[in-house]
Structure formats: structure tokens, C-alpha cells
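Enquirer: Fit chain B to the given chain A structure using the hints.
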Amino acid sequence: VISGQARSAYDRLRALAAARDLVDFEATRRLIDLSKNSAFRSWQQVGDPGNPALGSNWTTAVFGIDKWTAEARYTKPWYFRDNWGFVHLRGHARAIPSYDGSAGTIIFTLPPDLWPEFDTYLPAHSGWALFAGDGPEGYVVYDNLIWISRDTGDVRIEFYADFGEDHKWVTFNNMMFRAANAGVAV
Amino acid sequence: MRPKIPDLARDFNGLDVAIKRNQIRLTSLKYGIIEDWHTVGRDGMTQLGPPWIQGNFNTTVDPTDSFPDSLVPLTQYAAAAPLSYFRNPDGFVHLRGLISVGGGDPATFTDDLFALPGPTPTRRGWRPERDENIHVLLRTWDTSGNMAMNHVLCRIDATTGLVTLRSADADYIFNDWQFRSATLVAGSQIINCAGAGFSSADLDKFTSTSLSAGPGGEIWKAKIIQVNSASQIKVEYAPTAGGVDSDFGWGTAWPPVHGTTPFDPVWSFGADGPGGIDLVVFDGVSFEAAL
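Chains as they are written, first to last, in the numbering used here: chain A, 1 to 186; chain B, 1001 to 1291.
Next comes chain A alone, as it looks inside the complex (with noise of 0.2 Å):
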């Protein structure tokens, strides 16, 4: 039963179907059809009930210093699946203070349906401090990438040797890119 606002679109397109001939009605049915997978139509927060647990070696990050504590609202890794194929991630990653920047040390992993066809490094931005206490050489920000597993989902971080000491964080902000599986079959 399609419902709501996938209803509303549905109809519209329907309509316009009709005075049109624009649009290929099973084509279009298919691709509402996805829409309503709503395992990945929202937001999903790692470490939520449900959703993938953050690595061993990582925590939540919560900034401390001035116009940075906006950033609370996302203070682990989100993500989620549009109706295109394309995954979508946000927030951030902190490591621990004990990590000693060992590599292959896994941040969280991704859901099979959002899984890469490739193997995929999306550059990202990691730093250290930002968090209350620290100086502000905590603005020090590093190019970096972030590597996602075409065969297991796990999302790792490229360069790991500066995370060998305390308070290095990593966002996850802005990042895309096409799942594996995205063909929309119409």
C-alpha cells in the first residue's frame, strides 16, 4: 500500500503520466516501490539499537571548544541510502585515547545494501583536540580519506599513524557515493 507523501508523488506522476505520456507507469511504480524501504529513508545513527556498533578503538565525539559544541548533534557517524542508490554519511568518529594508530582498525560497518561496488576513499578531514580541555591547536586539520571495503562494508580510516595519540576525531560530513546494488530496475 503506497501511503503518505510516496502516495501523493505517486498520484501526481500518475497524472501526469496520463496527459503527458511522459513516464513510464511500472517504471515509476518500481521506483516508489524503493522509496518505502524504510530501513534506509532515514537517518540511521551508529550505535542505535538496530544499527551497526562503533569499533573498539572509537568513541563518541564531543566537542568542547566555543562555535565547535554545535557539533554535538552529530557526535557519532550517520548514514543512510537515498532512493537513488547513493549513501549518504554524516557526523563523526573520535578515538580512543589508548588507540595507538594500529592499522585496519575498523570505525563501525556499513549494512550489506550500502556496501561499494569498489572498494571507495573519500576524503575526509581528521584532526585532534577540539574537545573541552585541549588548546586551541585543536583546529589543526588533516587531509585524509576514508576507506570503505567493497567485500565486508567496514569503514576504516586511511591514515592512521597520526591516531596514535589522544583526542583524534574524523568527519564523516559531506561524504557520498553509489551502492553496489543501486540500480533502480526500471
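Mixed in with the good hints there might be a few duds.
A few chain A residues that face chain B, going by a derived Cβ cut-off under 7 Å, partial list only [claimed, not checked]:
no. : residue
1   : ASP143
2   : ARG150
3   : PHE177
Residues of chain A clear of chain B, computed beta-carbon distances all greater than 10 Å [unchecked claim]:
no. : residue
4   : GLY47
5   : ASN51
6   : SER56
7   : VAL62
8   : THR105
9   : ASP113
10  : PRO116
11  : PRO123
12  : ASN144
Just so you know, these hints were derived from the structure itself, not from any lab. Note that the coordinates shown come from a computational prediction; the quantities given were computed from them, not determined experimentally. Just so it is clear, CB atoms sit at the ideal spot from N, CA and C, and this is done for glycine as well.
Expert: Here is chain B on its own, set in the frame of chain A:
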């Protein structure tokens, strides 16, 4: 009464979208045009400019070329996508993939990367409506084998589809590195940059890496604020010697020569000298296409 397209376009998904774009989207739905990825160099429409190649990330660097011998191979990227593009029915073009020099000579900022195809009578093409700047990540090397990842801008020409690295970013990166071997002497706040040959063109350029600041400190950002007649520089920087400095502020440093570390001015690209770029990452890039 037949529905009017403008009304539907305004209402659909709550977006006040352009009528023309909405028609394209709906037409795409009609014909099922959810494109597969087109691989640059293998699609019959595009090719990579030399020295860039697709894949070949398992090749180690030729030690006889102009790269330093200590280059790290790109094997960790073996499962990455080849440079590809596709146009979504919502009107956005997406890029993905990595290109490398595959162990050959390093690339320069002036080497063209590729050109996105333009429109034909039967398709709309994958170029932006106006020139676009997109963010990509580069892996760069200096002559000592030091690697760096740098966010830079890539320009997409709306007329030709040509994708090029912006040279202005090259200026930033390589002035960034010019201070790598400099030493800030604790207490006296002087940078050793003998023979640096700076000019007024270097004013306002920044450095952010490996500027030693005496015992235990590292300057993470300094800016050239003055160049004197002896081509020496005065910089502003945030002092960090001795650890975190709670009294954040700008100090100054003024040559002439001080300390023992010579300045190494050799940070050039391509035919003029060693060092260069060996990897460009396009994953996650998108822009709005021309109608």
C-alpha cells in the same frame, strides 16, 4: 482539466524545480535511464591524458625514474574503482575511482586528466552548465620520499569538459613544503632560510608541515608576511614550542641566517625537477550537469 506541468513541478517532492529539469527526469524514468558507470578510457568517448592510467595499482615505482626510491606502491588501492562517471536522472553527474601514474614518471599540475563527453543529438552529455571546481585528493611526493595527501581543486571546463588540476593549488602545496627543512630556533624565533630566494610573489603563502620549533615543538602554520632585499622572509606563526600553548597568538621570525639546517629549495615538479603526483582520488565527487 489537464494538469499543468509547472504546477506539478513545483509540488513534486516539495521542490520548486525547473520545469525543464523535471521533464528530463520524467523522460529518464520513462526510458529507464539509470545509467551504469562509464569508465574513462574504455567507454569509446574519453581517454586519460598521459601519464595517467587506470588501475595498475600493484605496480611498484620504477627506481630509475625521477621519483625518489622510497615511494610506497599503491597496492592498497587494488580494489578501488577505475575512474568512472555517470549521470543520474536527477541531473547530477557523479565521479568515482582512482587514477595513478602506474610506476611511470610523475605527473604535474599541468597534465590534463581527461575530458567529460559533451552532448550529441541523442544524449545530453556529462558536462556542467558552467565551469565547475570540484575537490579531489592528491598523493604527492617530495624529493626526500615524503608523502602527503592534499585536497586540491579540479576544474571542469563547461565548454570542453576538460578536467584539470588547478595550478593555484600547486603553489599552495609546494610553498607548504618549502619550509620542511627549516628550523625555528627556540627563543630567538628565527627561521633558517639561507639562500631561499623568496620574492614578493611568495607573500601570504602558508606552510603547515614540519617546521621545527626547537625542543619538542612544531609549527603547524606560518605565513610569509614580508620579503626583504636579500630574498629572506619574515613569517607569522603560532608558537607551539614546549607543547600546547594556551596563549595562542602570532609571533614573528626574521632571518638572516640562524641555526644549522640549510634550506632546501628543491620542490619542483615534472621536467624541472624531481617529486610529483602519483595518485588522484575522485570518489565522492558530484556536480550539477548542464541541461
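Enquirer: For each hint, tell me whether it holds in the structure or not.
Expert: Each hint, compared with the structure:
1. Taking 7 Å as the C-beta cut-off, the interface hint given for ASP143 of chain A holds, the closest approach to chain B being about 5 Å.
2. At a threshold of 7 Å, the smallest CB-CB gap from ARG150 of chain A to chain B is about 6 Å, leaving the interface hint in force.
3. At its closest, the beta carbon of PHE177 of chain A sits 6 Å from a beta carbon of chain B; the interface hint therefore holds under the 7 Å criterion.
4. Taking the minimum C-beta to C-beta distance to chain B, about 23 Å, the non-interface status of GLY47 of chain A holds against the 10 Å cut.
5. Residue-level check passed: ASN51 of chain A sits 22 Å from the nearest beta carbon of chain B, beyond 10 Å.
6. Against the 10 Å criterion, SER56 of chain A stays outside the reach of chain B, whose nearest CB is about 22 Å from its own CB.
7. At roughly 19 Å, the least C-beta separation between VAL62 of chain A and chain B is larger than 10 Å, which holds for a residue marked as non-interface.
8. Against the 10 Å criterion, THR105 of chain A stays outside the reach of chain B, whose nearest CB is about 15 Å from its own CB.
9. With a closest Cβ-Cβ approach of about 17 Å to chain B, ASP113 of chain A is found to remain outside the 10 Å limit, as its non-interface label requires.
10. A cut-off of 10 Å between C-beta atoms contradicts the statement that PRO116 of chain A is not in contact with chain B; the least separation is 8 Å.
11. Some Cβ of chain B comes within 10 Å of the Cβ of PRO123 of chain A; the nearest lies about 4 Å off, and the non-interface call is violated.
12. Separation of ASN144 of chain A from chain B is inadequate, the least Cβ-Cβ distance of about 7 Å not exceeding the 10 Å criterion.
Figure legend: structure checked against the earlier numbered hints; hints not met, in rising order: 10, 11, 12.
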